[in-house]
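S.K.: Given the coordinates of chain A, work out where chain B with the ligands should sit on it, guided by the hints.
These are the residues of each chain, in order.
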Amino acid sequence: MSSPAWENKPVLFLLLATAAILVGTIVTMVLPFAWVNTEADRIEGVTPYNPLELAGRDVYIREGCNNCHTQTVRPLVAEVLRYGEYSRSGEFVHDRPHLWGSRRTGPDLARIGGKYPDAWHYQHMAVPTSIVPRSNMPAYAFLSDRGIDPEYTRRKMDVLRFPYEVEQIAGLRGKTEMDAIVAYMQKLGRDLPVQRTAQPVTPPAIAENPFRNDAAAVAEGGALYAQHCAGCHGASLEGGIGPALSPSGFDEDMLFEVIYGGLPEGGMPAYASLGSARVWKMVNFILAPRGI
Amino acid sequence: MDAPHYNLGIVRSFIHWSILWGVVAILVGILISFQLVNPDLNFPPYLTYGRLRPLHTNAGIFGWAIGSFFALYLYMVQRLCRRPLWSDGLARFQLYLFNFTIIVAAVTLLLGFTQSKEYHELEWPVDLLVVVLWVVFSVNILMTIFKRKEQQMYVSLWFMAASLIGVAVLYLVNSAAVPVSLFKSYSAYAGTNDANVQWWYGHNAVAMVLTAPPLAVFYYFLPKSTGVPIFSHRLSIVAFWSLIFMYLWTGAHHLLWTPVPDWVQTLAMAFSIMLIAPSWGSVVNGYLSMNGQWHQMRENYLVKFLILGITFYGLQTLQGPLQAVRSFSAFIHYTEWVPGHVHMGALGWVSLVLFAAFYYLAPRIYNRELYSIPLANLHFWLVLIGQLIYSVSLWIAGVQQAGMWHAISPDGSLTYSFMESLVEMYPYYWARAFSGLIYLAGVAIFVYNLAMTARRGKPLMPAAA
Ligand code: HEM
Ligand code: HEM
Chain A
469 MSSPAWENKP
479 VLFLLLATAA
489 ILVGTIVTMV
499 LPFAWVNTEA
509 DRIEGVTPYN
519 PLELAGRDVY
529 IREGCNNCHT
539 QTVRPLVAEV
549 LRYGEYSRSG
559 EFVHDRPHLW
569 GSRRTGPDLA
579 RIGGKYPDAW
589 HYQHMAVPTS
599 IVPRSNMPAY
609 AFLSDRGIDP
619 EYTRRKMDVL
629 RFPYEVEQIA
639 GLRGKTEMDA
649 IVAYMQKLGR
659 DLPVQRTAQP
669 VTPPAIAENP
679 FRNDAAAVAE
689 GGALYAQHCA
699 GCHGASLEGG
709 IGPALSPSGF
719 DEDMLFEVIY
729 GGLPEGGMPA
739 YASLGSARVW
749 KMVNFILAPR
759 GI
Chain B
6 MDAPHYNLGI
16 VRSFIHWSIL
26 WGVVAILVGI
36 LISFQLVNPD
46 LNFPPYLTYG
56 RLRPLHTNAG
66 IFGWAIGSFF
76 ALYLYMVQRL
86 CRRPLWSDGL
96 ARFQLYLFNF
106 TIIVAAVTLL
116 LGFTQSKEYH
126 ELEWPVDLLV
136 VVLWVVFSVN
146 ILMTIFKRKE
156 QQMYVSLWFM
166 AASLIGVAVL
176 YLVNSAAVPV
186 SLFKSYSAYA
196 GTNDANVQWW
206 YGHNAVAMVL
216 TAPPLAVFYY
226 FLPKSTGVPI
236 FSHRLSIVAF
246 WSLIFMYLWT
256 GAHHLLWTPV
266 PDWVQTLAMA
276 FSIMLIAPSW
286 GSVVNGYLSM
296 NGQWHQMREN
306 YLVKFLILGI
316 TFYGLQTLQG
326 PLQAVRSFSA
336 FIHYTEWVPG
346 HVHMGALGWV
356 SLVLFAAFYY
366 LAPRIYNREL
376 YSIPLANLHF
386 WLVLIGQLIY
396 SVSLWIAGVQ
406 QAGMWHAISP
416 DGSLTYSFME
426 SLVEMYPYYW
436 ARAFSGLIYL
446 AGVAIFVYNL
456 AMTARRGKPL
466 MPAAA
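Sequences listed follow chains A and B, in order. Our numbering numbers the first residue of the first sequence as 469 and each following residue consecutively. Our numbering numbers the first residue of the second sequence as 6 and each following residue consecutively.
If we strip away everything but chain A, and leave its shape as in the complex, we get:
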């Protein structure tokens, strides 16, 4: 059998193989540069990181948070409900490297900014299980013992050509890596004009308390409270990051509204994504001590 020339000519073979590899490379890797990060991608309001946020981002990279957390929300119904508005190219123009990740051992963080108050993050980063008992996220308390080097951070800002004020650099003195990572968390997703979560768009399906005098619902509400609220309001409503919740302070409709829609300014997340039935159960649980 006569063999093709390339089987006997290594140089020819290498040239052919290189050509074969380059076709797909040029089309799918080189060409997209003409589409991505162009004017068409631009989103008003997306700003580079400030020095403290950048330092936090580098802590995120160093600790490999991206091995458990993604930072892209896909345009899928459940995903938008869970994490908020889906991600667009223009949000990432300042990200070198990108931190989209490939695994969700933990939840997506693209829209974490503003979801929780700072205090929540400080406590959660230091001891995640103190807020979410069955979490498997490592504890990062040691970040509080490590300072930020202002001069080094300035150099990073220069390399990335991010704008900054001298005072911002000076302000880094005395800051810890914990301050930085919390600042970075609060920046994520904050530049978008859209709501962090798309949920409140749906009005409550049940506008009236359907569970009055329903002991089973109160028990379920208790379980839901333990899972979603106890981290901030204490296991027995005594308060913590959020205020103490005494049953006497509210009427049931108001309570429903606060839980369903949240108090975004004050650091109280919205729980519309749980659905109105479950929110009503929690309302009944909180009000149970005064008897309904």
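These are calculated hints, taken from the structure and not from any lab test. In this text, a Cβ means the ideal position worked out from N, Cα and C, and glycines have one as well. You may find that some hints are simply not true.
Unchecked claim - Here are the simulated lysine-lysine pairs, DSS-like style, with alpha carbons at most 25 Å apart:
1) K152(B) with K477(A)
2) K154(B) with K229(B)
3) K189(B) with K624(A)
4) K463(B) with K189(B)
5) K477(A) with K154(B)
6) K643(A) with K655(A)
7) K655(A) with K189(B)
8) K655(A) with K624(A)
9) K152(B) with K643(A)
Said to hold, decoys possible - Counterexamples of contact, computed for chain A against chain B with all Cβ distances above 10 Å:
10) P472
11) F481
12) A485
13) P543
14) E547
15) G581
16) R623
17) E635
18) R658
19) I674
20) H701
21) L705
22) A712
23) S714
24) V726
25) R758
M.R.: Leaving out everything else, chain B with the ligands in the frame of chain A:
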């Protein structure tokens, strides 16, 4: 002796070191598996999951897989070119540089020096070491090929040469970065571009490290083990060229539904499905080479490793294209399903083929018969069972997790919170951790068997080499 004086010493050294790094990879894999069920096993700052997972993948891919391919390329190139290595000195230097690089890589990863890109975590000074290592290796292999004594290049040499170029192009492009300090740099690409370049690299690292090299090994060691040639040369040609052409189009199947332009995603999806053909070209070629030889599955432990290996490759290359379909990706992307896929490839396909090659070489590098074939069989069953438990439990886990993430109640709310889905994963994480221990037991027997071969195996008759 009319045979040229082959350099087997360097092959033996690379085998020893790659096995060592393989054991490290498995031990770290087991540790991070337990960390996922018990976060108290994180020991900050150096030994947390976020720093150890890249150490695991790097030790697995660079230490175990690439280290083994160094050994086997250096062996195969001599046999297939019928001449000794172009430079023994360069090969020896490569061995030192390889181990030095792996050690530096491990230390810097634990210190938190990372570019954060999957399978390209190493910071720029370590990157440079890798580049030098690859150049040294490529020059030696290619010079040996240029000065070969056998006119025609066998299939294995095609896969080997293609992977040398492929890895070089991928690695160089993806490593472009601007240094800030000795161990910190920022990517030359931003955002969506950075992601697209990274997964062009990431997927083709699979092609050029976890597909082409083990195929080179398979095409060489299957005929050597069975004593019958590969079924069809023509099929090998078609499978080779279409494989290396198509792979490069598919990177964006890791980025379906993300902001990467739609047409790039669609091309990736289409080419991923087309990839079934060239992948199965090799699988079918392997199976047909067994015509009339299937009894060897019972009698020849080497064949068992190789045929099971190519079978997992066949499954892997059906499952991969399925994952590249948009609707399926919407479901399983980001879930536990994916580590199930990964480890069928890493533990099933790649490692099984490597075990076979090393068993085949054991008598040649130690000049002794293999110490125990029953132990080799036990090794086979343990790693097979370990890997199956690993992959199957995580596929189930992934489907359950995806189901919980996407479940929506009649009132339009999410049925499950994230934590409810995580808690459901813990039993599967336990299963995975134990499957790792079973796999480790298999590998321990392998190491024991090789060590006993070196020390106690029956010496070979001089003619048998
Ligand atoms: C048998 C022992 C092993 C165990 C217990 C193990 C365990 C793990 C674990 C827990 C992860 C993280 C999965 C996650 O993100 O949720 C992982 C990832 C990974 N391992 Fe292993 N591993 C083992 C062997 C290997 C070997 C030998 C290789 C390489 C040849 C390897 C290659 C990888 C790769 C490439 C990933 C990244 C997967 C992804 O991004 O989805 N593993 N392994
Ligand atoms: C036709 C061949 C193949 C195709 C089309 C393919 C496709 C895919 C796809 C679509 C993913 C992404 C899954 C996701 O995150 O949603 C993936 C992940 C992966 N595959 Fe394959 N696969 C193929 C063969 C292989 C082989 C032979 C290996 C060898 C071990 C392998 C190793 C991996 C690894 C390591 C990842 C994880 C990447 C990461 O997210 O870190 N694949 N594959």
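S.K.: Which of the listed hints are broken here?
M.R.: 4, 9, 10, 11, 12, 13, 14, 16 and 19
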